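Position chain B against the provided structure of chain A, taking the given hints into account.
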Amino acid sequence: MNVCIKADQLTVRFSQEPILDHLSFEVPEGMIFGLLGPSGAGKTTLIKVLTGQLCQKEGKAELFGKDTRSLTAAEHGKIGAMLDNCGLYERLSVYENLSFYADIYRVSRRGIPDILKSVGLYEARKTAVSKLSKGMKNRLSLARALMNHAKLLFLDEPTSGLDPVTTREIHGILTEERKKGTTVFLTTHNMFEAESICDYVILLHRGNIIERGRPADICRKYDHLNKLHITLTDDTELTLDNNSASASAIKEYLEQDRIRSIHSSEPTLETAFIELTGKGLQ
Amino acid sequence: MKNIIAIFKKQIRDTLRNKTVLIQFLMFPAMTLIMNHTVRIPDMPQNFFVNLFAAMYIGMAPLTSIAAVISEEKEKNTLRVLILSNVKSYEYLLGIGSYVWLACMAGSMVICISGHYDWKTGLIFMGIMAVGILISLLIGAVIGIGSRTQMMATSITVPVMMIFSFLPMLSLFNGTVAKIARFAYSEQISRMLGSINSFELTAERIGVIGANIFIAALVFAATFRKCDLS
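The listed protein sequences correspond, in order, to chains A and B.
Quick note: the first sequence uses our numbering, first residue 1, plus one each step.
Quick note: the second sequence uses our numbering, first residue 283, plus one each step.
Same shape as in the complex, but just chain A (with noise of 0.2 Å):
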């Protein structure tokens, strides 16, 4: 499988002090890319670095095998972005923000109205951008990034903000994307939009990577967080490690006829992530 994005010892200072500290890592075409992290982490500076609008001193950064110092037309036009802030026209209708970005990317007008019906927003199309929620604003940010069919699309906190139904429907795009072989490189701190849709997510703390594998792989390899949450009869609440040695305890309340309710806590990417530096990722 090709590289899309590589990094090797990517480093970006402010004022001397490391906001990307010494990154490496590959994004394989075609996947799901997640770089989770709380606020201030380098989750914006790592998109910005790799998209070329900022040029770090150290390390390599490259897309498509091509340094992102020296993206040329043609490697930009293989790039969607949809940044955090959502930059689009506020006095424009929904249809003329796209029909802008359809002259700037040399793509026809015609498939204005497939992508819009894609993305929900074909019944707002001639509404003002001001007066869109900041849901549709988001999707219709979205869509702007889809319109010249990029090969790599960077979606800095695609659903931040956004009421569940909206970020299911975001959800639903990106997997359609990525079957048609789209890589998407997505920043989130919400740990369940990671461990839904990501095929690949790396764990961002203070610049650094502290974790990195499949959500699934990353949730079992701390497995030993895994609880048992007991309620008895009378109220006492219990935590048992969730392994062979707490069957004998379990055994004997049933017996007993005193549990109320047996929960099971998984391993989720917050708790990998708490356990690694102390603290959340919100």
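Since the hints were made in silico from the structure, they are not lab data.
This one's a predicted model, so the numbers in the text were calculated from it and none came from an experiment.
C-beta atoms are modelled at their ideal positions from N, C-alpha and C, and glycine is treated no differently.
Honestly, I wouldn't trust all of these hints.
[Said to hold, decoys possible] Now the in silico label distances, taken between C-beta atoms and shown as ranges:
1) B:Ser437 with A:Lys134: 25 to 33 Å
2) A:Phe192 with B:Lys284: 38 to 46 Å
3) B:Leu304 with A:Ala216: 27 to 35 Å
4) B:Pro441 with A:Gln9: 35 to 43 Å
5) B:Thr431 with A:Thr127: 20 to 28 Å
6) A:Gln9 with B:Asn359: 23 to 31 Å
7) A:Arg106 with B:Asp400: 45 to 53 Å
8) A:Phe192 with B:Arg430: 29 to 37 Å
9) A:Arg212 with B:Ile497: 52 to 60 Å
Chain B in isolation, oriented as in the chain A frame:
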């Protein structure tokens, strides 16, 4: 070239819905039409309001509108997305600049028509306006590029615009101001418009306007290098 045209067309649509910028383009041409045809004062010089408002238009409309457009695009992140979409900084500036220049030239045309000039004098009038608008565009672009937000751009634009647009009027009433104002392009343009029927390019006029263009271009180049839009 396609990017420049796309930005130009986008800006037309955007301006038609942006009252703040639209009023800059329309206010002085409308005022000239109204005042020139309704106000009659004894011993008033010929085309008094045309000359006065034309000079004010040059100092105000291009400067404030281009600064507002660029700073808004910076503040609202639309410029960042454009640059990311492989639009070069110079393409963006040419697209926006050519739009503001042409819009101001259209306004100047209205002012020119109000003056009832013959076609030759009209051409000279439009030529003078074209040069003045260009200098104001450079100054406005410097402010827009150097400002991070619209608020910041406005706070710089207002005093600069007041100086250049009101100097020609103030110099009519005060000799000391007139002595200083002669070094400003707007004052020289006002004087040229005032004597447009016996138009001549003196060394002073060429020198002052040339120096103003040179300084504005120099500051523009320095600001563009320092605060590169990309």
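Hints and how they fare:
Distance hint check for Ser437 (chain B) and Lys134 (chain A): the Cβ-Cβ separation is about 29 Å, which falls inside the suggested range of 25 to 33 Å. Distance hint check for Phe192 (chain A) and Lys284 (chain B): the Cβ-Cβ separation is about 42 Å, which falls inside the suggested range of 38 to 46 Å. Under the hint 27 to 35 Å, the C-beta atoms of Leu304 (chain B) and Ala216 (chain A), about 56 Å apart, miss the expected range. Take Pro441 (chain B) and Gln9 (chain A): their Cβ atoms lie about 49 Å apart, and the range 35 to 43 Å is violated.
Between Thr431 (chain B) and Thr127 (chain A), the C-beta spacing of about 27 Å keeps the proposed range 20 to 28 Å intact. Take Gln9 (chain A) and Asn359 (chain B): their Cβ atoms lie about 30 Å apart, and the range 23 to 31 Å holds. Range check, Arg106 (chain A) to Asp400 (chain B): about 46 Å between beta-carbon atoms, so the 45 to 53 Å window is met. In this structure, Phe192 (chain A) and Arg430 (chain B) meet the distance hint of 29 to 37 Å, their C-beta atoms being roughly 35 Å apart.
Between Arg212 (chain A) and Ile497 (chain B) the CB atoms are about 55 Å apart, so this pair conforms to the stated range of 52 to 60 Å.
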